[in-house]
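*Asks:* Put the two chains together into one complex; each comes in its own frame, and the hints tell you how they fit.
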Amino acid sequence: MIEAAKKNDGLSGAFLSLAAVIVALFFVFPIYWAFSQSLRNPLDTFTVAGLGIPWLHFTPTLSNWTDQLGTPETSQALINSTFISVSAAVLALVLGTSAAYAIARFRFERWKNRDITVWFLSQRVLPPVATVVPFYLTMRALGLLDTYLALILINATFVLPFVVVILRQTFLDLPVELEEAALIDGANHWGAFWRVALPLAAPSMAATGLIIFAFTWNEFLFAVTIGSDKAITVPVHIAGAIDTRGVQFWFMGVRAMTAIIPPVIIALIAQRYIVRGLTLGAVKG
Amino acid sequence: MRWTGNIRFLFLFPAVVWVLAFTVFPLGYSLYLAFFKIEQKIEVKREKVPIVDEQGKVILDDQGQARTKNVVIKQETNVATFIGAENFKRLISDPQVKEAVLVTLLFVSFAVPLELIFGFLLAILFNQHIFGRPLLRSIMILPIFATPLAVGYTFFTIFYEVGGPLAWTGIPFLSNPSGALFSVILVDIWQWTPFCFLVFLAALQSVPDELYEAAHVDGASRLAMLTQVMLPLLKPTILIVLLLRLAEALKFFDIPFSMTGGGPGVATQPFSLLAFRTGLRFFDLGYASAMAYALLAATMVVIMLFFRRLRESYD
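Respectively, the protein sequence lines represent chains L and F. The working numbering numbers the first residue of the first sequence as 1 and each following residue consecutively. The working numbering numbers the first residue of the second sequence as 286 and each following residue consecutively.
Please note that a few of the clues may not be correct.
What the hints assert, rightly or not - Label-pair distances were calculated between CB atoms; the ranges are:
(1) G70/L / K359/F: 32 to 38 Å
(2) E361/F / L62/L: 43 to 49 Å
(3) L345/F / G143/L: 54 to 60 Å
(4) G70/L / V356/F: 35 to 41 Å
(5) E384/F / D67/L: 37 to 43 Å
(6) T454/F / I261/L: 27 to 33 Å
(7) S460/F / V28/L: 53 to 59 Å
(8) L144/L / S463/F: 39 to 45 Å
(9) R593/F / D185/L: 38 to 44 Å
(10) D185/L / Y317/F: 49 to 55 Å
(11) R593/F / L144/L: 36 to 42 Å
To be verified - In the EDC-like style, the derived pairs of lysine to aspartate or glutamate whose C-alpha atoms are separated by at most 16 Å in a straight line are:
(12) K330/F / E361/F
(13) K112/L / E597/F
(14) K284/L / E597/F
Said to hold, decoys possible - For the chain L half of the interface with chain F, some residues (derived, Cβ under 7 Å), not all of them:
(15) W33
(16) L43
(17) S98
(18) Y101
(19) R105
(20) F106
(21) A130
(22) V133
(23) I184
(24) H189
(25) L210
(26) A214
(27) I260
(28) Y273
Just so you know, these hints were derived from the structure itself, not from any lab. These figures come from a predicted structure and were not determined experimentally. Every residue, glycine too, gets a C-beta built ideally from N, C-alpha and C.
Chain F on its own, in the form it takes in the complex (with noise of 0.2 Å):
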């Protein structure tokens, strides 16, 4: 029972202008820079301009000729060279983004399974009336809200291994390479296990009071109902989860830039934050377009293997 007729364009149109205008095209110019070494060039010239007075006339010296100073003129000028495919052959060769990879791939591997697990387990605990879960969850939103640039900034004052509040663990949390991976994956799991234990609980609540009773009723024990009711009830729902963190993760860029600079090191350095440094802190553009359509292709995948069920749950 769906209308047809030409003004459905005139409503859908404005969205999708705007995302090739935003999304698309920047997408295709980088795909066009992966291509290219681009040098950026700063000339210096000095240029003798004549001297005006306020009211812009030029002044004069005693010969009658106009006076003039020294300008320095900089002259930024990017140089892209062709290089075709050297950049994604570079990547494959350079140690930095095999570096950066496995610290994505070690991150993404740890965080977002305990998130997902953590979650689950809370959400289960919680399914209950008990006092104050109303106020629990209301707490369970403030870390996923919270700017994430000042979570990091945050928990680094929080881990300061002189005079910190965790001080007297004597866990080098951000002074040893995997104590601070430790450390950065720790923070991820603050910020998002409410996530997954919020959508979760959503979803347990949804399922009608009945089935419980009928699986009670049954005799299965509260293992078995956990198996065999709640899992297979909630796995669309577990794998929309699973597919959200899995994307935001392969993002991750502003606890480790906050917290740990990616440091000691490049311990903490995920894919992404290697890309921006390379493309806006050295400016190579095309190095950096070329890492960023790897990353964009890894997450491409990540897309795919989930798209079927996406596409099912909007219709």
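The shape of chain L in the complex, shown without the other chains (with noise of 0.2 Å):
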């Protein structure tokens, strides 16, 4: 569109605006909802009327999140999380990125590099489910039920692609010249990678990091299966709260914000590389 049709004329600006609020405001209300239910009253959780707005509706308080914070499984919980995220991201960037930057910069001739990444990226389209039976018996053989082990590895497996295939397309485009310059001045592959090409990644390796992260977090299926007590994550602690009373919404609300918070505030922070990430680097955004 020509710059004319791009600015609008006032009429369409504004319906234009409306229709971007009314969007916004349909894909913010469940995080809403469970944030205005945290705060309430076991006694207002059904007979607050409309949208359920703090001071207007009922009045707030704090006390499900000061219970629920204070219980040792929650921040067990909270803490496995953080500590799982943590390793099976940097475990996934150690691997995935030396792998990335052989499928950049080298050429494969018997396997072809384009096959390489799609192999890798074949991995993260697998449905999960057909992997937990028998890496559960695995894991139960091995004594590692229920371990920290567990979790990262099989975590670290899952974002391996997303490292593979965004880090290549960083490698790519990167200037080839500075690491033939370092290789020419005496370097050999390894120092050409670890002090030239390395540090000019380290953005997007950072952002790829946290994206990773927030899919560990987010992860339910292996860690339901794996981890119920000592490595209970998060997600699982949730599902916990469904007891024989019933869902009692008001932590329910504390529990859902506290399992959200974490990975969207990463994923607006990563912004900038989220359409790349999720369409494994084939849209560049």
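*Replies:* The following block contains the structure:
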């Protein structure tokens, strides 16, 4: 569209802004609702009319938050999720970055570089339910059920394709001349990678690390299969909030918010890389 | 202009070995399991064990014999019997499988196209400089990264039919089989339309302005602009998004697990949830592995359909 068409006349501009507000409200509402629930007294849960706006429809209280965050189970789940997500992200970055560099800079005649890329990528497309039973049995045989290690291993595997595919593109976008200059100056390939390419790829690595941290944080199928007690993660902890007395909506609100806030904030920080990350590098955002 | 030299294998192999160990090995293992009937037997034995004191010395009774106590020992053993293709045959005739496949197909064929269409329309609508667009883009990131399990439970409270915020509509969001399937699809649309929107918007913005300009000068109408300029340009992107959404939708698990528990009855139990329950709740491990392979085969078909296109984008 030419500039004149792009700027819009007043009326359609107002219409578009209104549409944007409606769309935004639709996509924010559920998260807002969880937050609103977390501020209510149990009594207000089902009696509040309308949109449940604090102060207008009910008197908000922080007691659900203090109750829930004060329990050892909640802090345990938060610590576990953080530790497992960080470890899996670091592990996947270490393994994936060097593989991405290999694909971006070297020629693999027999397998073809793009087929290696697609091979890594296809791991991401596989249904995890296909590996959950054998993984469970293997971990049980090794005595690793309900351990951090088992969850770190499997999550690093799930996010590895992201690292390979995204960083491959990052390295391709870097000027190869810098590394060649280093090679001419007597560095070996390892030195060129470690001292020249890696520092330049650092921002992209950091963003990728954040995105895969969020993926691991949100993972549920393997978390509920492997970790039940000592290695309980935040989503598994939420699932445990349903007991014989039914769902306690006010506590559920708190737990939902504690689960949602970290990955969402991280995604906002890494915003610039999200489109590339989520399409596995196929679309540059 | 690519290098060779054997160091390239050192760069590549750790990740390859890793994937072989944690993806290919489990897949092979589960193919093996799919040909067995695995029964879990729990043997309970009682044994007399000598009682020891704090120093680890055996406590003796009056006769100088070691005092003993009874200990219950639980032994879990898996008994695997080779049954050939029996598990796969069972898949075909199992009514539960039939229903789960139907739920999955209904879910995929409604949710995925609607997400793409809504995402595309929103991207076109907001591909202009309007006030607050950066904020809108940030907001659209929220559903994508919100923990799916938390989303499921939150929507459970939203769809709650007594006193929930949508109770006034009178729609049986959770108690009626079709209503629950509709709700599950709606949640998926809520969560993944933003993804389609963001990707399409990024693709639209990478189209140079001159193209629109040229079409405009040629007197193309808005509709012609859409069908003859934008759609062809976005075709590769649309295919990638479609592939990713199809593959993800076949894995669909967290939302039915948390929001409906697969119910009422099995009305919202997708194939992955059935496979999970069969394997890890009822411990029918061989049958669950056969199910997993059926799902894997379906996913492979999807991948194959797009494989050529996918390869081209990684040249």
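*Asks:* It remains to establish, for every hint, whether it holds in the given structure.
*Replies:* Taking the hints in turn, this is what the structure says about them:
1. G70/L / K359/F: 32 to 38 Å: holds (36 Å)
2. E361/F / L62/L: 43 to 49 Å: holds (46 Å)
3. L345/F / G143/L: 54 to 60 Å: Between L345/F and G143/L, where Cβ atoms are some 35 Å apart, the hint is violated.
4. G70/L / V356/F: 35 to 41 Å: holds (39 Å)
5. E384/F / D67/L: 37 to 43 Å: holds (41 Å)
6. T454/F / I261/L: 27 to 33 Å: holds (30 Å)
7. S460/F / V28/L: 53 to 59 Å: violated (27 Å)
8. L144/L / S463/F: 39 to 45 Å: Hint holds: Cβ distance 43 Å, inside 39 to 45 Å.
9. R593/F / D185/L: 38 to 44 Å: holds (42 Å)
10. D185/L / Y317/F: 49 to 55 Å: holds (53 Å)
11. R593/F / L144/L: 36 to 42 Å: Between R593/F and L144/L, where Cβ atoms are some 40 Å apart, the hint holds.
12. K330/F / E361/F: Holds, at roughly 11 Å.
13. K112/L / E597/F: Roughly 12 Å separates the two Cα atoms, so the pair holds.
14. K284/L / E597/F: holds (15 Å)
15. W33: holds (6 Å)
16. L43: violated (12 Å)
17. S98: This hint holds: S98/L lies near chain F, its Cβ roughly 5 Å from the closest one there, short of 7 Å.
18. Y101: Nearest chain F Cβ about 6 Å off; hint holds.
19. R105: holds (6 Å)
20. F106: holds (4 Å)
21. A130: holds (4 Å)
22. V133: Since chain F brings a Cβ to about 4 Å from V133/L, closer than 7 Å, the hint holds.
23. I184: violated (13 Å)
24. H189: holds (5 Å)
25. L210: violated (10 Å)
26. A214: Status holds, d = 5 Å.
27. I260: holds (5 Å)
28. Y273: violated (11 Å)
Comparing the model with each numbered hint stated earlier shows that hints 3, 7, 16, 23, 25 and 28 do not hold.
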